[in-house]
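Asks: As a plain string of letters, each chain reads:
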Amino acid sequence: MTDLDTADVVQHGERLRAPKVRLRSPLGVWPVALPAAAIAAVVVATTAAMRSWPYQEWVRTSAEFHQQNTFTAPIAAAAATYVAGRLLPPSRIFALPVAARAGLRTVLPQLGLLLAAFVGAYLLGFVPLLVVTVRGAEHGGPDVPVVLTGVLGLVLATAVGYLIGVVTRTPLTAPISAVLLFGTAVLGSTGDTFSALMPVLYVKPLLGSVQSTPFVVYRLAFLTVSTVAVVWAAARLLRRHRADGGRVRGLTALLPLLLPVVMAVPPLVSKPALFAYETEPPRVCRTSGTVEYCVHEGHRSRLDVVVAATDAVLERHGGPAPFTRIYDEALRGHPVDGTPVWRPDRRDTVLWVPIQPASPTETRPVQALDVLSGLAGCFRLRVPADSPSVEIAQQLGRRLEGMSTAGNPFSGLPDPAVRDWIASHGDRITGCALTEEDLPRR
Amino acid sequence: MHIEFDGVHFRYGRRQVLSGVDWTVGPGVTGLLGPNGAGKTTLLNLLVGLEKPHSGALRFTGGASGTIGFVPQHFSLVGGMRVVDTVAYAAWVNGVDRRACAAAASRALEAVRLEDLVTARVRTLSGGQRQRLGVAAALAHEPDVLVLDEPTVGLDPAQRMRLREVVADIGRTRTVLLSTHLIEDISHLCHRVGVLADGRLVFDGTEEELTELVDSAPASGVLGSPFERAYQALVARLGADRD
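Residue numbers (numbering that gives the first Met the number 0), protein chains in the order written: chain A, 0 to 441; chain B, 0 to 242.
Isolated chain A, as found in the complex:
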């Protein structure tokens, strides 16, 4: 952080060598570099699980930019409190309120350095995830406004920490800043009451949905206005003892903070919608037998997996598929003909399957298995979970999935025999009426 080269000084006819000085970071390198390194490390570490996903989704990677505020914002705030608490008490010989640059002209360079270091470290921490997403995402690109909410969240946290340092005039309050900022992250995770105000959301968006535009725009505006207000208040506080400071005295220096307070009221009164479905989600479809399979373009590589897994189950089942479409839940924003809830008297059922990289389940066509094994009928009829018919449906489902488990009456039964048994018990399966007498005899 040495930002000036050795300078020549001419004095008494002699040329003296002036030493290098640290003006940008007079406290030295560590108060800035250490938290910056911690921020980068936290982001790298806590996105490690995401990087191991079989494929990436830009919507998740973009959202991660604000979700990562949970631990990085407290670090940034605490570090800013430390720096401000060390440098800015008005008793400091270099921070007297009468100094020419006291106020905004001191705050901006100091805060600017902290922000450059912390935001830089934050973005650096995201590089591995971004690289993996660029390689592994099958559709789309970063949602820049959403990414910005995360960056602005970190900026605001740093500014708030700085203000706390200015107000309390001691670095000892750094832990308080950390706890406060972590508390706000937790506040945001308690539900959608404070979602518009806190960078961290309690729920992450999935592919096929987007953070609603009014919501994102409001968050960007709120975070920006709050940051400006906090910086402004800090600058006013530093000049409040000056005779030319006008009416800036005591707590009146904090008046700019009323701006975000007023701005916070509307979303608290009327909670905004966090997410919206993509109106025309791009899709990739394929028909196999009588079933149309569609997935979101971002799940393109999953289509074959879904089709193969479901085809195998239908093959073991043998009968006509009691549904016509299997759709990726990421396509919910797309209008689809057919009933979304399976009924035995309908053949136009659309089965919505969740496809997500965090816990891939496409190899297990659970929805299709539920319908084919009769479990969906049991759910519809609200048959108690411990009844024999539910257990038999579950055992049949496992057999259709290709699993062979001890004690399962369908295990070891050849596929043709299973198909024959299903054909002869079709009504009892769909009506959740199977009993032990119905089980196949060996």
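The set of hints was computed from the structure by calculation and includes no laboratory data. There could be a bad hint or two in this list.
Pairs of lysine to any residue residues, derived as SDA-like cross-links and limited to a Cα-Cα distance of at most 25 angstroms, are as follows [said to hold, decoys possible]: (1) Lys-19(A) x Arg-191(B); (2) Lys-19(A) x Ala-99(A); (3) Lys-19(A) x Gly-78(B); (4) Lys-51(B) x Pro-359(A); (5) Lys-51(B) x Ser-90(A); (6) Lys-19(A) x Arg-122(B); (7) Lys-19(A) x Arg-112(B); (8) Lys-51(B) x Ala-39(A); (9) Lys-19(A) x Gly-79(B); (10) Lys-19(A) x Lys-51(B); (11) Lys-19(A) x Ser-125(B); (12) Lys-51(B) x Ala-99(A); (13) Lys-203(A) x Ala-39(A); (14) Lys-51(B) x His-240(A); (15) Lys-51(B) x Leu-254(A); (16) Lys-51(B) x Lys-203(A); (17) Lys-19(A) x Arg-98(B); (18) Lys-203(A) x Pro-359(A).
Here are the computed distance ranges between Cβ atoms for each label pair [claimed, not checked]: (19) Glu-164(B) x Val-43(A): 53 to 59 angstroms; (20) Thr-123(B) x Val-43(A): 34 to 40 angstroms; (21) Gly-182(A) x Ala-56(B): 50 to 56 angstroms; (22) Val-185(A) x Gly-94(B): 54 to 60 angstroms; (23) Arg-58(B) x Val-185(A): 56 to 62 angstroms; (24) Ala-157(B) x Thr-223(A): 36 to 42 angstroms.
Since we're looking at a predicted model, the values are computed, not measured. Using N, Cα and C, we set each Cβ at its ideal position, and we do this for glycine too.
Use these hints to put chain B onto chain A, whose structure you have.
Replies: Relative to the frame of chain A, chain B by itself:
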């Protein structure tokens, strides 16, 4: 540079602290004496811009930059900072161009005779060195006026001597206003003295002129130098010693 106080009044709430101070301070070291509560700190606060007079005016004439360097009675430093960074940063905060701060720090540290400690950590300095560092920080932006509020308080005799030498040197090229309640500071340093009592300037003259007051108003039982006795006599006569 000359500083002119022209009928300056100031009050905190209902308490009148300064009542029509008329005073002109010129180049060199000028001492401001007065008992506790006389209004010395308020006068300095007005001078450096921390307060505004309720009436009257403060004028600065003849200076090059019109700037003031201020060393408050109580100031703090960051122990972990280097001496040179402390002064360079003070120079920057006081308006010096970023590229000129290193040179400004060097000059100021040489002026206070701390040039051998540029890379030392502040925490390693003695009390007297810290006080001189404060003066260097106030000097780094090359102000026309240097205002020192009780700079020798708490220093041992050797440190006081050192600081007085530094201040005397600075006074050769600048206007220095030194507030103190130590008579010896005045007698060793100042070519002129102002005595403030009960919010009024009750004396403005040289040390010798103040000493002459001994004859006009001898204070029985008071020990010390003639100057010291003169000051005590003056204060006793005004009935302003509220200690």
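Asks: Taking the hints in turn, state whether each one holds.
Replies: Status of the hints after comparison with the structure:
In summary, the hint linking Lys-19(A) to Arg-191(B) is not supported, as the alpha carbons are separated by about 40 angstroms, beyond the 25 angstroms threshold. This hinted pair checks out: Lys-19(A) and Ala-99(A) have alpha carbons roughly 23 angstroms apart, not beyond 25 angstroms. Distance hint between Lys-19(A) and Gly-78(B) is fulfilled; the C-alpha atoms sit about 19 angstroms from each other, no more than 25 angstroms. Restraint check for Lys-51(B) and Pro-359(A): not satisfied, since their Cα atoms lie roughly 71 angstroms apart, outside the 25 angstroms limit.
Between Lys-51(B) and Ser-90(A) the CA atoms are separated by roughly 20 angstroms; this keeps the pair inside 25 angstroms, and the hint holds. Our distance criterion of 25 angstroms between C-alpha atoms is met by Lys-19(A) and Arg-122(B), whose separation comes to about 20 angstroms. With a CA separation close to 19 angstroms, the supplied pair Lys-19(A) and Arg-112(B) stays within the 25 angstroms bound. Only pairs whose Cα atoms come within 25 angstroms are accepted, and Lys-51(B) paired with Ala-39(A) is rejected, the gap being roughly 49 angstroms.
Distance check on the hinted pair: Lys-19(A) and Gly-79(B) sit about 16 angstroms apart at the alpha-carbon level, within 25 angstroms; holds. Restraint check: the Cα-Cα separation between Lys-19(A) and Lys-51(B) comes to about 39 angstroms, which exceeds 25 angstroms; the hinted pair is violated. With a C-alpha separation of about 23 angstroms, the suggested pairing of Lys-19(A) with Ser-125(B) holds against the 25 angstroms cut-off. Note on Lys-51(B) and Ala-99(A): the hinted pairing holds, with a Cα-Cα distance of about 17 angstroms set against a maximum of 25 angstroms.
The straight-line distance between the Cα atoms of Lys-203(A) and Ala-39(A) is roughly 21 angstroms, inside the 25 angstroms bound, and the hint therefore holds. For the given pair, Lys-51(B) sits about 11 angstroms from His-240(A) by alpha-carbon distance, which is consistent with the 25 angstroms threshold. Taking the CA atoms of Lys-51(B) and Leu-254(A), the gap is near 23 angstroms; set against the 25 angstroms cutoff, the hint holds. For the hint pairing Lys-51(B) with Lys-203(A), the CA-to-CA distance comes to about 56 angstroms; that exceeds 25 angstroms, so the pair is violated.
Straight-line distance between C-alpha atoms of Lys-19(A) and Arg-98(B) comes to about 11 angstroms, which keeps the hinted pair within the 25 angstroms bound. Simply put, Lys-203(A) and Pro-359(A) have alpha-carbon atoms about 16 angstroms apart, close enough for the 25 angstroms limit, and the pair holds. Distance hint for Glu-164(B) and Val-43(A): a CB-CB separation of about 57 angstroms, consistent with the stated range 53 to 59 angstroms. Checked against the given bound of 34 to 40 angstroms, the beta carbons of Thr-123(B) and Val-43(A), roughly 39 angstroms apart, stay inside it.
Between Gly-182(A) and Ala-56(B) the CB atoms are about 52 angstroms apart, so this pair conforms to the stated range of 50 to 56 angstroms. Restraint check, Val-185(A) to Gly-94(B): a C-beta distance of roughly 44 angstroms breaks the suggested window 54 to 60 angstroms. At roughly 58 angstroms, the beta-carbon separation of Arg-58(B) and Val-185(A) lies within the given 56 to 62 angstroms, and the hint holds. Between Ala-157(B) and Thr-223(A) the CB atoms are about 57 angstroms apart, so this pair departs from the stated range of 36 to 42 angstroms.
The structure does not agree with the numbered hints 1, 4, 8, 10, 16, 22 and 24 stated previously, though it agrees with the rest.
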